[in-house]
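K.L.:
Chain by chain, the residues run as shown.
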Amino acid sequence: MGFPVSQDWRTALAAVPEGGLALFSPARGTLAMRRAARALMEDAAVLGGGQVLALPGGDLLLGAQAAPGHRAGRVIAELTGQAPESWILPAGREAAEARCRDAPPAAPVPSLAELEARCAAMAVPDFARLTLFAEGTGGRAAAQRLGPAQLGLPDPELESLAREWFCGRLLAVLADPAQRGLLPALRPGLRLILDLPRGGLPGGLSTGAPWRGAAPDDPNRPIALLPLSSRADPARFAAIEAGLRAAGWTVGLAAADARALDWVEAPGLAWAVPAGEMAPRHWPELLIALGPDVPGWCRGPGILREGIGP
Amino acid sequence: MSLAAADLAWDGSAPMRDAMALATLARECVTSGVERRVLYLRLSLLPPQLREPRHQRLVREALAPVLRPTRARLYELPGGDLAALSPPPGEHLEEVRRSLARLLPEIAAETLLPRLRLPAEAARLLTLVEAALGLDGAAARAPAPAPGSPPPSGSEMDAALRALATSNLTSFLRRQTVWRLAPGDEQAQPVGTELRPHLPDVAAALLPGRSLAAAPSYARRFRHAAERRMLAELARPQEARDLGEACLPLGLGAVTEVEFLRLEAVLGPQGRRHLVVCVPAEELLADPAGFALARGLSQQRGWRLGLDEMEPALLPLLPAHRLDVPVLRLRFRPELLSGDGAARAAWDAALPADRSRVVLLGADAPAAIAWAWQRGITHFTGRVLEARL
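Sequence order for the protein chains is A and B. Anchor point for the first sequence: position 33 equals 33 in our numbering, and the numbering is continuous, going up by one each time. Anchor point for the second sequence: position 262 equals 262 in our numbering, and the numbering is continuous, going up by one each time.
Excised from the complex, chain A in its bound form (with noise of 0.2 Å):
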């Protein structure tokens, strides 16, 4: 037995009988998250007799037994790592309308021309970003980095694309001293970061000022950050480290979730990730925490942690 369909969500929630749930998950994370937490809906709503409506903004509500929604409600949090909000109704119809009222209207997902083509018209101030990291349990900055701006495009693929852009016009700009002035400003004496293509560095950059090598047991020596899709091709990526470590670089891998850090084999390498509640079950040579605010564990030795103000 279902409820009448409806494609409005007053009705919809309506519909839901005393005791029954209302959940509300909104448009965030990726696309595939998205789909996913959809998918775990409808099966929820074929089993708790409701029914899922997709809003404007993308955001999904479902209204379903409660036993079945709360079910769904779990496994959306346990693989997105985002809970959806629920409201027991009718109790919590009213909260639940207010939801769905200030919804967002959705971003649009740009295609591969029109991402390049803004990318390309970005100003350098737009898309290069100075980060600073403190060590261990020290409180002041230790490293910084210098990196792409991240765009929160809702296809990793696309996030990619854009940082390869990025990165690529960062080089140019580095090489060229006449530009070199739109870069934020880099701090004498701090450790540097610095993001590179899936390529590393090209032939001539690798020596010149400001971010000349150091020697191999110079704790300082600057740290090259390449994505992990380039280990993709090993005989490339180790072409390239051995390049980096020559001109004196240390050699990290940026990547875009913490549990690549516990399933890649890196030896020797530094890991750039964003800090999730759980420390790695595999610690690297050297971490680097990524994220606005770093969990408690990244204060440790061997730690660079994001989140130093400027």
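The set of hints was computed from the structure by calculation and includes no laboratory data. Note that the structure is a prediction, hence the values are computed from the model and not measured. Cβ coordinates follow ideal geometry from the N, Cα and C atoms, glycine included. One thing to keep in mind: the hints can contain errors.
To be verified - Covered, in the sense of this in silico footprint (three residues per stretch, anywhere, with C-beta under 8 Å from a C-beta of chain A), are these stretches of chain B:
no. : region
1   : 190-199
2   : 274-288
3   : 311-324
Said to hold, decoys possible - Ranges of calculated distance between the beta carbons of each label pair, as one might list FRET restraints:
no. : chain 1 : residue 1 : chain 2 : residue 2 : range
4   : B       : Thr166    : A       : Pro274    : 35 to 43 Å
5   : A       : Ala149    : B       : Glu259    : 30 to 38 Å
6   : B       : Leu67     : A       : Ala239    : 47 to 55 Å
7   : B       : Ala159    : A       : Asp176    : 35 to 43 Å
Fit chain B to the known structure of chain A by using the hints.
P.N.:
Coordinates of chain B only, in the frame set by chain A:
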């Protein structure tokens, strides 16, 4: 590969066993540093008129001195090659070589009767063994890369993707059997079916004269669109009911597409238990968060998510003790046989302890099956097994 050579793998025939034993011994010499002298008889090079029984008898007689003192061991290899191994100094090998050279003056002794020293020349010996196993022939048969056709333009690509979105791919669907074959089995048993759209044919139909190989990101998008169509067709209730033990090699993006999610919903808990989805290992590196999501989803929903097209070079990067997957589809490459001791140790250490999770892809030569059996791997796809039907 001739059918005769293919048959060698089946009965675990003497030449096959000898070839694997010789390869193993060559590697052990490298690890332990034990010295051996080898006389290799490339009798497979002889023209047919010199391979009659009476010639073989003459060769055997010439070999008698090395066999008598039991100080040398003779290995009979597939294809008719022989290898005699002796501890140094191995004068009797020289003696035999001289008489054989007199007997077979048609081919220069340096080519026909190479002398090798182990461990220094282990790699050369392994190359000769591989040639005898027909591995070099397998490599030569691989399809030639498309002669430099240009990649499609952006608008051609858009048009092809639009056409793909509404096309019916039933005639491009390719089914390949996954086989189980253990040492001692008389017959390979089918254990599942692999389904995928045959992309080269689809691309040839929709993008004639264009090469997707030249544009990896376009190739990925094309694959993604083709897979979505295939999944939409498989998700029809009739098709889904008949799916059975299926392996779907999919791009990571397709696993969280609407079409796949519909298919796994239609399959229900029972059908999902028989479903294996494998994504390319390199897509895990490109999108670890997407892989984690797909993995979590598979665990919640009761289907299995494995890794596809694992190249030997990538295997040590993603060892099983780091990332435990229920199915690992490993691509067979000749370097699995010829790699040095360190590489081989790294590969073996990276394989899952439960070898029934490993499927060896491209088992096109008996040597591939022999390699797998040495490691307890018994699941295969490839020409050697297809040819048996």
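K.L.:
Please verify the coverage claim for the region 190-199 of chain B: does it have three or more residues whose C-beta sits within 8 Å of some C-beta in chain A?
P.N.:
Contact hint for the region 190-199 of chain B vs chain A: violated, 0 residues under 8 Å.
K.L.:
Does the hinted range 30 to 38 Å hold for Ala149 of chain A and Glu259 of chain B at CB?
P.N.:
holds (33 Å)
K.L.:
How does the region 274-288 of chain B fare against chain A when you require at least three residues with a CB closer than 8 Å, holds or violated?
P.N.:
holds (count 7)
K.L.:
So is the region 311-324 of chain B in contact with chain A by the C-beta rule, three or more residues under 8 Å, or is the coverage claim wrong?
P.N.:
It holds: at least three residues are needed, and the region 311-324 of chain B offers 8 whose Cβ sits within less than 8 Å of chain A.
K.L.:
So does Thr166 of chain B sit 35 to 43 Å from Pro274 of chain A, Cβ to Cβ?
P.N.:
holds (39 Å)
K.L.:
For the hint 47 to 55 Å, verify it against the beta carbon of Leu67 of chain B and that of Ala239 of chain A.
P.N.:
Hint holds: Cβ distance 49 Å, inside 47 to 55 Å.
K.L.:
Return holds or violated for the Cβ distance of Ala159 of chain B and Asp176 of chain A against the range 35 to 43 Å.
P.N.:
holds (39 Å)
Going down the numbered hints, you'll see the structure goes against just number 1.
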